[in-house]
Amino acid sequence: MTTLTDRPNTALLVVDVQNGVVATSPNRDEVVANVARLVDHARAEGVPVVWVQHSDEGLPEGSDDWQYVPELTRNDDEPLVAKNWGDSFENTDLADILAEQKVGRLVVCGAQSDACIRSTLHGAVVRGYDAVLVADAHTTEDQTAWGAPPPQDVVAFTNLYWQGHRAPGRQGGIVTTDAVDFAPTDS
Numbered sequence: 001m002t003t004l005t006d007r008p009n010t011a012l013l014v015v016d017v018q019n020g021v022v023a024t025s026p027n028r029d030e031v032v033a034n035v036a037r038l039v040d041h042a043r044a045e046g047v048p049v050v051w052v053q054h055s056d057e058g059l060p061e062g063s064d065d066w067q068y069v070p071e072l073t074r075n076d077d078e079p080l081v082a083k084n085w086g087d088s089f090e091n092t093d094l095a096d097i098l099a100e101q102k103v104g105r106l107v108v109c110g111a112q113s114d115a116c117i118r119s120t121l122h123g124a125v126v127r128g129y130d131a132v133l134v135a136d137a138h139t140t141e142d143q144t145a146w147g148a149p150p151p152q153d154v155v156a157f158t159n160l161y162w163q164g165h166r167a168p169g170r171q172g173g174i175v176t177t178d179a180v181d182f183a184p185t186d187s
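For the sequence shown, position 167 (counting from the first letter as 1) is numbered 167 according to UniProt numbering, and the numbering increases by one without interruption.
Honestly, the hints are just simulated from the structure, not real lab data. One thing to keep in mind: the hints can contain errors.
Only pairs whose alpha carbons sit at most 20 Å apart, straight line, appear in this in silico SDA-like list of lysine to any residue [what the hints assert, rightly or not]:
(1) K102 x F182
(2) K102 x R43
(3) K102 x A44
(4) K102 x V49
(5) K102 x G128
(6) K102 x L80
(7) K102 x G46
(8) K102 x A183
(9) K102 x M1
(10) K102 x P184
(11) K102 x T92
(12) K102 x T185
(13) K102 x V126
(14) K102 x G123
(15) K102 x D6
(16) K102 x E45
(17) K102 x T3
(18) K102 x R127
(19) K102 x E78
(20) K102 x L4
(21) K102 x P79
(22) K102 x T5
(23) K102 x D77
(24) K102 x Q171
(25) K102 x N9
(26) K102 x D181
(27) K102 x G169
(28) K102 x P8
What follows is a set of in silico ranges between Cβ atoms, one per label pair, in the way DEER data are often shown [what the hints assert, rightly or not]:
(29) Q163 x A183: 16 to 24 Å
(30) V175 x P150: 18 to 26 Å
(31) N84 x D64: 15 to 23 Å
(32) W85 x A148: 18 to 26 Å
(33) E71 x T144: 25 to 33 Å
(34) T176 x P150: 19 to 27 Å
(35) T73 x T176: 19 to 27 Å
(36) T5 x T73: 30 to 38 Å
(37) E57 x W146: 14 to 22 Å
(38) A183 x S63: 34 to 42 Å
(39) G164 x T144: 21 to 29 Å
(40) A148 x T5: 35 to 43 Å
Note that the Cβ used here is the ideal one computed from N, Cα and C, for glycine as well.
Using the sequences provided together with the hints, build the complete structure.
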């Protein structure tokens, strides 16, 4: 359904599964394992895997916290998008990378559910992409000390919120790791 013409392909977008981003996430190991399964599934089907890596003053480029978690390994031929904003499209080359691959549909996983994941999902739909969130492959840290709900509630609300998201000619939606389908769309 994407509004981008001649973009039948799907890509897996792995957002910010970095040491310092997921270190304190209560369901870190489960989410990282699901992300690893998604990466393996995408690779087995010849689907592009695009990695996104955040940096800012609290997550300086090159630091141990900035590194992707050791359980996930990016292949040299898989694009790496460096970002400094919540939305993975903002001031990056992500749109160009996806255009080269004729991608009109994104399967999104990673962290933080209430920040970079949500921003990227919205950024994708606004730019004409379909964007599916993998419900059991995203997480967030505990920010209850600052008034946020517990992390499991943030994840559940993000899933609830995104499951029915639609825009003219575009759609959101959620799916579990086991139900991900990378088949090309009829755009």
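Tested hints:
1. Pair hint K102 plus F182 holds up; C-alpha atoms about 14 Å apart against a cutoff of 20 Å.
2. At roughly 17 Å between alpha-carbon atoms, K102 and R43 fall within 20 Å of each other, so this suggested pair holds.
3. For the hint pairing K102 with A44, the CA-to-CA distance comes to about 19 Å; that is within 20 Å, so the pair holds.
4. Note on K102 and V49: the hinted pairing holds, with a Cα-Cα distance of about 13 Å set against a maximum of 20 Å.
5. Annotation: proposed proximity of K102 to G128 holds, straight-line Cα distance about 13 Å (limit 20 Å).
6. For the hint linking K102 to L80, the alpha-carbon distance of about 17 Å falls within 20 Å, and the restraint holds.
7. The straight-line distance between the Cα atoms of K102 and G46 is roughly 13 Å, inside the 20 Å bound, and the hint therefore holds.
8. For the hint pairing K102 with A183, the CA-to-CA distance comes to about 13 Å; that is within 20 Å, so the pair holds.
9. Between K102 and M1, the direct Cα distance comes to roughly 14 Å. Compliance with the 20 Å bound is thereby established for this hinted pair.
10. Proximity of K102 to P184 is assessed by CA-CA distance (about 10 Å); at most 20 Å being required, the pair is judged to hold.
11. Note on K102 and T92: the hinted pairing holds, with a Cα-Cα distance of about 17 Å set against a maximum of 20 Å.
12. Taking the CA atoms of K102 and T185, the gap is about 11 Å. The hint holds against a cut of 20 Å.
13. Between K102 and V126 the alpha-carbon distance is near 17 Å, which keeps this suggested pair within the 20 Å criterion.
14. Under the criterion of a C-alpha separation no larger than 20 Å, the hint pairing K102 with G123 is consistent with the structure, at around 18 Å.
15. At roughly 7 Å between alpha-carbon atoms, K102 and D6 fall within 20 Å of each other, so this suggested pair holds.
16. Our distance criterion of 20 Å between C-alpha atoms is met by K102 and E45, whose separation comes to about 16 Å.
17. Restraint check for K102 and T3: satisfied, since their Cα atoms lie roughly 12 Å apart, inside the 20 Å limit.
18. Between K102 and R127 the CA atoms are separated by roughly 14 Å; this keeps the pair inside 20 Å, and the hint holds.
19. For the proposed pair K102 and E78, the alpha carbon gap of about 15 Å is at most 20 Å, so the pair holds.
20. Between K102 and L4 the alpha-carbon distance is near 9 Å, which keeps this suggested pair within the 20 Å criterion.
21. For the proposed pair K102 and P79, the alpha carbon gap of about 14 Å is at most 20 Å, so the pair holds.
22. With a CA separation close to 9 Å, the supplied pair K102 and T5 stays within the 20 Å bound.
23. About 17 Å separates the Cα atoms of K102 and D77, which keeps this hinted pair within 20 Å; it holds.
24. Of the supplied pair hints, the one linking K102 and Q171 holds, its CA atoms being roughly 18 Å apart against a limit of 20 Å.
25. The suggested pairing of K102 with N9 holds, with an alpha-carbon distance near 6 Å, which does not exceed 20 Å.
26. For the hint linking K102 to D181, the alpha-carbon distance of about 17 Å falls within 20 Å, and the restraint holds.
27. Proximity of K102 to G169 is assessed by CA-CA distance (about 17 Å); at most 20 Å being required, the pair is judged to hold.
28. Our distance criterion of 20 Å between C-alpha atoms is met by K102 and P8, whose separation comes to about 6 Å.
29. For the pair Q163 and A183, the supplied restraint of 16 to 24 Å holds, since their beta-carbon distance comes to about 20 Å.
30. Between V175 and P150 the C-beta distance comes to about 24 Å, which sits within the given range of 18 to 26 Å.
31. Here the CB-CB span from N84 to D64 is close to 19 Å, well matched to the stated 15 to 23 Å.
32. Judged by the Cβ atoms, the range 18 to 26 Å given for W85 and A148 holds: they are separated by roughly 20 Å.
33. Remark: the range hint 25 to 33 Å for E71 to T144 is upheld by a beta-carbon distance near 26 Å.
34. Roughly 21 Å separates the CB atoms of T176 and P150, a value that falls within the hinted 19 to 27 Å.
35. A C-beta distance of roughly 23 Å is found between T73 and T176, which places it inside the suggested range of 19 to 27 Å.
36. Under the hint 30 to 38 Å, the C-beta atoms of T5 and T73, about 34 Å apart, fit the expected range.
37. A beta carbon spacing of about 18 Å between E57 and W146 agrees with the range 14 to 22 Å that was offered as a hint.
38. For the pair A183 and S63, the supplied restraint of 34 to 42 Å holds, since their beta-carbon distance comes to about 38 Å.
39. At roughly 27 Å, the beta-carbon separation of G164 and T144 lies within the given 21 to 29 Å, and the hint holds.
40. In this structure, A148 and T5 meet the distance hint of 35 to 43 Å, their C-beta atoms being roughly 40 Å apart.
This entry satisfies every hint, going by the numbered hints stated previously.
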